[in-house]
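Enquirer: Following the hints, position chain B against chain A.
In the order they appear, the protein sequences are chains A and B.
All residue numbers for the first sequence refer to the working numbering, where the first residue is 4 and numbers rise by one.
All residue numbers for the second sequence refer to the working numbering, where the first residue is 572 and numbers rise by one.
Simulated from the structure, these hints should not be mistaken for lab results.
Just so you know, even glycine gets a beta-carbon here, dropped at the ideal spot from N, CA and C.
Be careful, since some hints might not be right.
[What the hints assert, rightly or not] Listed next, the in silico EDC-like pairs over lysine to aspartate or glutamate satisfying Cα-Cα at most 16 Å (straight line): (1) B:781 to B:731; (2) B:781 to A:164; (3) B:723 to B:870; (4) B:845 to B:816; (5) B:939 to B:772; (6) B:939 to A:122; (7) B:845 to B:856; (8) B:831 to B:866; (9) B:939 to A:164; (10) B:738 to B:824; (11) B:614 to B:590; (12) B:961 to A:190.
[What the hints assert, rightly or not] What follows is a set of in silico ranges between Cβ atoms, one per label pair, in the way DEER data are often shown: (13) A:229 to B:591: 51 to 59 Å; (14) A:225 to B:719: 53 to 61 Å; (15) A:118 to B:801: 45 to 53 Å.
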Amino acid sequence: MKRRNFLKTGALSLPMLMGLQHLQAASPSSMNWDKTLILLELKGGNDGLNTVIPYADGHYYDNRPSIAIAENEVLHLNDELGLHPALADFKEIWDEGDLAVILGLGYPDPNRSHFRSIDIWASASDSSEFISEGWVSQLLAREPEPENPVWVDGLILGDGDAGPLNSTLLRTLSMDTADSFLSGAGDVPSLRENADLPVLNHLIQVQNTIFDSVGTLQSALAQGNEPVTEFPNTSLGRSFRQLAILLANGVRIPAVKISHGSFDTHSNQLGTQNNLLSQLNQALAAFRLAMIEIGKWDQVAVQTYAEFGRRVEGNASAGTDHGTAAPHFLMGGSVRGGFHGVQPSLTDLDGNGDLIFTTDFRALYASIASGFWKLEDPFDNRFQVMDLFA
Amino acid sequence: MKRLCYLILFLVPLLGAMDLRESRHLLARTQFGATAHQVNLFKVMNREHAIDYLFSATRTTSSLDPLDWMLERSIRPPKPFNQMTQEEIMAFQTFRRNQMRQLRAWWMAEIIHTDAQLTEFMTLFWHNHFVSESQKVRVPQIMYRQNALLRKYSLGNFGEFLHEIAKDPAMIIYLDNSSNRKDHPNENFARELMELFTLGEGHYTENDIKESARAFTGYFVNPNDGMFAYNFRQHDNGEKEFLGETGRWTGDDIIDILLKQERTAEFITEKLWKVFINSTPDRDEVSHLAGVFRDSGYELKPLIRAILMSPFFWDETDRGSLVKSPVELVAGTWRSFEINIKDPRLYQLLANAAGLLGQNLLDPPNVKGWEGGTSWITTTTLLNRRRVMKALLGIDEDGISRINYNRTVMSMDEDDLNQWLLAVNSAGNLNQDSRREHIASIALDPAYQVK
Chain A
4 MKRRNFLKTG ALSLPMLMGL QHLQAASPSS MNWDKTLILL ELKGGNDGLN
54 TVIPYADGHY YDNRPSIAIA ENEVLHLNDE LGLHPALADF KEIWDEGDLA
104 VILGLGYPDP NRSHFRSIDI WASASDSSEF ISEGWVSQLL AREPEPENPV
154 WVDGLILGDG DAGPLNSTLL RTLSMDTADS FLSGAGDVPS LRENADLPVL
204 NHLIQVQNTI FDSVGTLQSA LAQGNEPVTE FPNTSLGRSF RQLAILLANG
254 VRIPAVKISH GSFDTHSNQL GTQNNLLSQL NQALAAFRLA MIEIGKWDQV
304 AVQTYAEFGR RVEGNASAGT DHGTAAPHFL MGGSVRGGFH GVQPSLTDLD
354 GNGDLIFTTD FRALYASIAS GFWKLEDPFD NRFQVMDLFA
Chain B
572 MKRLCYLILF LVPLLGAMDL RESRHLLART QFGATAHQVN LFKVMNREHA
622 IDYLFSATRT TSSLDPLDWM LERSIRPPKP FNQMTQEEIM AFQTFRRNQM
672 RQLRAWWMAE IIHTDAQLTE FMTLFWHNHF VSESQKVRVP QIMYRQNALL
722 RKYSLGNFGE FLHEIAKDPA MIIYLDNSSN RKDHPNENFA RELMELFTLG
772 EGHYTENDIK ESARAFTGYF VNPNDGMFAY NFRQHDNGEK EFLGETGRWT
822 GDDIIDILLK QERTAEFITE KLWKVFINST PDRDEVSHLA GVFRDSGYEL
872 KPLIRAILMS PFFWDETDRG SLVKSPVELV AGTWRSFEIN IKDPRLYQLL
922 ANAAGLLGQN LLDPPNVKGW EGGTSWITTT TLLNRRRVMK ALLGIDEDGI
972 SRINYNRTVM SMDEDDLNQW LLAVNSAGNL NQDSRREHIA SIALDPAYQV
1022 K
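Chain A extracted, bound-state conformation (with noise of 0.2 Å):
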């Protein structure tokens, strides 16, 4: 069951260069192959102003009057910030001290265009360069094999892109559900590849990862396992389930990407964003609780990421349009809980009238690189690790 491909056809690059790494005698790899790293696209570029709120600044309400969240409905986390209300179980589970949220996230001399945007944050690039391969992947190539193979290297459940996932080495699956892609998958041969046609051979490759990962699912999901906890019965809720049942049968899966969405408030935001935070309140809530269930909390870390923040200023459409830094979440069992990073200036702002972030998100990759899968020297240790697992 070969995990990577070196294609044989055109020029090395980078990816693949680091891909080689397996090649060299075997030096004694930190990977931590048992964890399992939850990537959640916020699609759109979700509003950091109005989720982490610095209610006792203010200007926030000055440059807000028809959408900035009433103070007393914020709920405190500390005296200047405070969450949505509807992240009401986020603040139950920053209590328990599970929830860290880092503030001030971006990259210099950010783009405002989602689609260049969110490559970036996909591929850690820097604002100027084109990496298509996902961050996630960059790293998992470096890493030798381990002895007791994983499923599949990423999975993408649901809709949404590979993102970080994006990867021309590692076996990457996207599925809806455990049930509808065994049930499409049980005629499925495999087929030796063509280098000399490299669009039909994308599709025999990912024909043939159909193929390798049928028998594996099939004998996990045989033992029946499946935690008690209810999980919502939204999209996002069924991804999440379909994960808990792959993770409590002992499917290992090194990382996972799930998306949620539209967080492009343009207009009418405070509808829209109430909505989209509930469901993410929610499922994260019982994704928790069945991860404690089947003791797999501290195994496991949820990360949210977005294109970008949106501007200081409301627009009149009782919206927001595209910004630049913003706070996101990462939780988990074996995550240090509490804020890290600074807060952006809400008067302090850059030409264009946005936030100026305060911590390189690159930074907080590579502090779940070290932290979470034990890697060494991530991303050429060219970013500051943050303290973010106990």
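Expert: What follows is chain B alone, placed relative to chain A:
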């Protein structure tokens, strides 16, 4: 002497005639599938003749009549929303969603039945370029009118098209341009106009976006008839600096300036290259083609003709380098095999099948549209493509396709069958024991997914 003349007249079109493979290639890249008969018909023509033939069948209006509700002038609900009960509001919204579904099915029917295949191919292309999503626009008549606009200009003048689409009500709603007001500009439309519709990233600044947003202030949609309206009081008629030019620009002025940029012709040419040829446009050839486009005054027919005559289009190593989009797969398969099922729900089912595969007509995933190419293929979608093929061709558990096929299909030579249906050799072994197993194994082979 007479015989010689007849012989010459007979032979002349055969000079430079395409072969079966080239004929299939041309049709696969410009239509939604093709019957074996059509592929045979085209192969006696030379390339230029064949392309002329394709252009002779184009239209600017649909071949199918619109449904009555599509032509209604008024878009007002039966009574004002604020006078409706919750139940009445929900019933009305359900009513509108049903109409949207009918529009989707109607368009699928047009794609399948029209002889003007290149027109629908391009209409779909423009839907993916000047994106609007029905779930945001919500008014079915407005989405129908945009669809008609896309068809009208599908092979027309791009400059005129750009002016019209900026005032198209579906576009105004989708990109929040009706919330773009003098004292509070909304940049959404201006940004996408440059980033996605004309220049592409890197050819303008944030300031250009801000300034041009001001030029588009005052546009709104009349709530009674859903038509474009202009509120001069909301229009910011101050001086604006845009791409180095200063003046009291209106939206039309901004578009004129964008049409003066060399980059615009290149941007559109690159996009068309990626739907007709492959994913790696050749810089020099694009430059040449963009020149043709510009010199013609932004007429699309000369550009597309030049693309189809380009040696890059005919390069044999590029066969199979494009992935069939879900609509191409579903409608193309239906048309190629001339599947004959008369069921009023048919077009809805076919549209739903395309939606299952990731392409829900009238609802691209976001303003950038469907990315296309290999992004159509994930483990989920590949499994679903197999499911859809099994459903369309009635393939049973024994790998036999059970639907009716016409005599041509049943009796044609095995090699001809492969040449007709496949751009490249199959990836797996084909079961050629019987015609019905042969077709089934082609349909389930990854090679059938590329063109």
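Enquirer: Hint by hint, note whether the structure agrees.
Expert: Taking the hints in turn, this is what the structure says about them:
1. Among the hinted pairs, residue 781 of chain B with residue 731 of chain B is inconsistent with the structure: their alpha-carbon atoms are about 24 Å apart, more than 16 Å.
2. As the CA atoms of residue 781 of chain B and residue 164 of chain A are separated by approximately 31 Å, the hinted pair breaks the 16 Å bound.
3. Among the hinted pairs, residue 723 of chain B with residue 870 of chain B is consistent with the structure: their alpha-carbon atoms are about 13 Å apart, no more than 16 Å.
4. This hinted pair does not check out: residue 845 of chain B and residue 816 of chain B have alpha carbons roughly 32 Å apart, beyond 16 Å.
5. Between residue 939 of chain B and residue 772 of chain B, the direct Cα distance comes to roughly 12 Å. Compliance with the 16 Å bound is thereby established for this hinted pair.
6. Taking the CA atoms of residue 939 of chain B and residue 122 of chain A, the gap is near 14 Å; set against the 16 Å cutoff, the hint holds.
7. Among the hinted pairs, residue 845 of chain B with residue 856 of chain B is consistent with the structure: their alpha-carbon atoms are about 13 Å apart, no more than 16 Å.
8. Of the pairs offered as hints, the one joining residue 831 of chain B and residue 866 of chain B holds, with about 12 Å between alpha carbons and a cut-off of 16 Å not exceeded.
9. Annotation: proposed proximity of residue 939 of chain B to residue 164 of chain A holds, straight-line Cα distance about 14 Å (limit 16 Å).
10. Among the hinted pairs, residue 738 of chain B with residue 824 of chain B is consistent with the structure: their alpha-carbon atoms are about 13 Å apart, no more than 16 Å.
11. With a C-alpha separation of about 5 Å, the suggested pair residue 614 of chain B and residue 590 of chain B falls inside the 16 Å cut-off, and the hint holds.
12. For the given pair, residue 961 of chain B sits about 12 Å from residue 190 of chain A by alpha-carbon distance, which is consistent with the 16 Å threshold.
13. Between residue 229 of chain A and residue 591 of chain B the CB atoms are about 55 Å apart, so this pair conforms to the stated range of 51 to 59 Å.
14. Our hint of 53 to 61 Å for residue 225 of chain A and residue 719 of chain B holds, since their Cβ atoms are close to 54 Å apart.
15. Distance hint for residue 118 of chain A and residue 801 of chain B: a CB-CB separation of about 31 Å, inconsistent with the stated range 45 to 53 Å.
Comparing the model with each numbered hint stated earlier shows that hints 1, 2, 4, 15 do not hold.
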